[in-house]
Amino acid sequence: MIETVHVPLEGRAYDVRIGPDLLTRAGAEIAPLLARPRVAIVTDAHVAGLHLPALESALAAEGISSVSLTLPAGEATKGWPQFERTVEWLLEQKIERRDVVIALGGGVIGDLVGFAAAVLRRGVRFVQIPTSLLAQVDSSVGGKTGINAPQGKNLIGAFHQPALVLADISVLNSLPVRDFLAGYGEVVKYGLLGDAAFFDWQDQNADRITARDPDALAHAVKRSVEMKAEIVVRDETEQGDRALLNLGHTFCHALEAATGYSDRLLHGEGVAIGCALAFELSARLGLCSQEVPSRVREMLNRMGMKVTLADIDGDLPDAQRLLDLMGQDKKVVDGQLRFILARGIGEAFVTSDVPVDVVHALLQDQLAGR
4 MIETVHVPLE
14 GRAYDVRIGP
24 DLLTRAGAEI
34 APLLARPRVA
44 IVTDAHVAGL
54 HLPALESALA
64 AEGISSVSLT
74 LPAGEATKGW
84 PQFERTVEWL
94 LEQKIERRDV
104 VIALGGGVIG
114 DLVGFAAAVL
124 RRGVRFVQIP
134 TSLLAQVDSS
144 VGGKTGINAP
154 QGKNLIGAFH
164 QPALVLADIS
174 VLNSLPVRDF
184 LAGYGEVVKY
194 GLLGDAAFFD
204 WQDQNADRIT
214 ARDPDALAHA
224 VKRSVEMKAE
234 IVVRDETEQG
244 DRALLNLGHT
254 FCHALEAATG
264 YSDRLLHGEG
274 VAIGCALAFE
284 LSARLGLCSQ
294 EVPSRVREML
304 NRMGMKVTLA
314 DIDGDLPDAQ
324 RLLDLMGQDK
334 KVVDGQLRFI
344 LARGIGEAFV
354 TSDVPVDVVH
364 ALLQDQLAGR
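Using the working numbering, read the sequence shown as starting at 4 and increasing by one per residue.
It should be emphasised that the hints constitute simulated quantities derived from the structure, not laboratory data.
Nothing false has been slipped in among the hints.
SDA-like, lysine to any residue: derived pairs with alpha carbons at most 25 Å apart:
1) Lys225 / Thr240
2) Lys225 / Phe183
3) Lys225 / Asn304
4) Lys225 / Arg28
5) Lys225 / His54
6) Lys97 / Gly82
7) Lys97 / Ala121
Take these sequences, add in the hints, and give me the full structure.
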């Protein structure tokens, strides 16, 4: 069964379609958007081998011709060189303003292609077909697009909403266990930030999720997308409430920078560790009882996810260096670090009123393995 979450942004509304085998009916889903029966697809080498032929066949079945560009897989693609290559390729293909560009891949492809679509001819439409769990529940929805800079992640970009998102649950079966669980870090985040009942459901259905039960996955993706859509509609350009979606990310982005944006730490793994740290920090500040971060860690552990700094392979810099890396984060306002903390599960809030020495002590204790 295919379910729809509508994102009702005025003048930029779109649907997120969620369900099995959506890739095989992508042509029928996309055809109503097209002024002419032609699309450009951008994907990466890993995803192309798994899913590009199915997408091309689905488009051809509806009389839609396609051209495709395959970029290298991995986070390193999300920078100026491949962005420039993508924009110039789209221009070479004579993509016009009324045309549609398809982003087929995980968060890296979705972010880069969305940004390319945002700047190409001052804005062309694009369709997200996210092939990772992380992209389905997070990066494909909400219109944040961009690339990384040497100074940090996602520092160059634009808000550009997709015209359609096709979240095919079936493609998640092709994900390696580590990538799947990393994506689930973002699902857990939604329960933690604003829906205690969703967190309870996750707790009770951990076995179904790890077994990739399609009904459980569809519910997890749909509820995550609903929550993100609600927040995006309230605050599209992150002036207030949307910052809640960054629960765990202040820690996460510093850890990603510390590990060189490498396979030592996947983004969703950093989010899971960051959420556990945010709840531990909340308990240390007296905002919630110590039982709350313990429950968060217990569920993450039961899912086989990364939970503490000790779960990251290799050496990490000292606490002061990690704090300095947090200072590069996009969420810094007037030099003040903004944290998303919580008064309990499902009760997150944004604050800049966090004593640096408490954060430093928390990081030191974690690095010491305490």
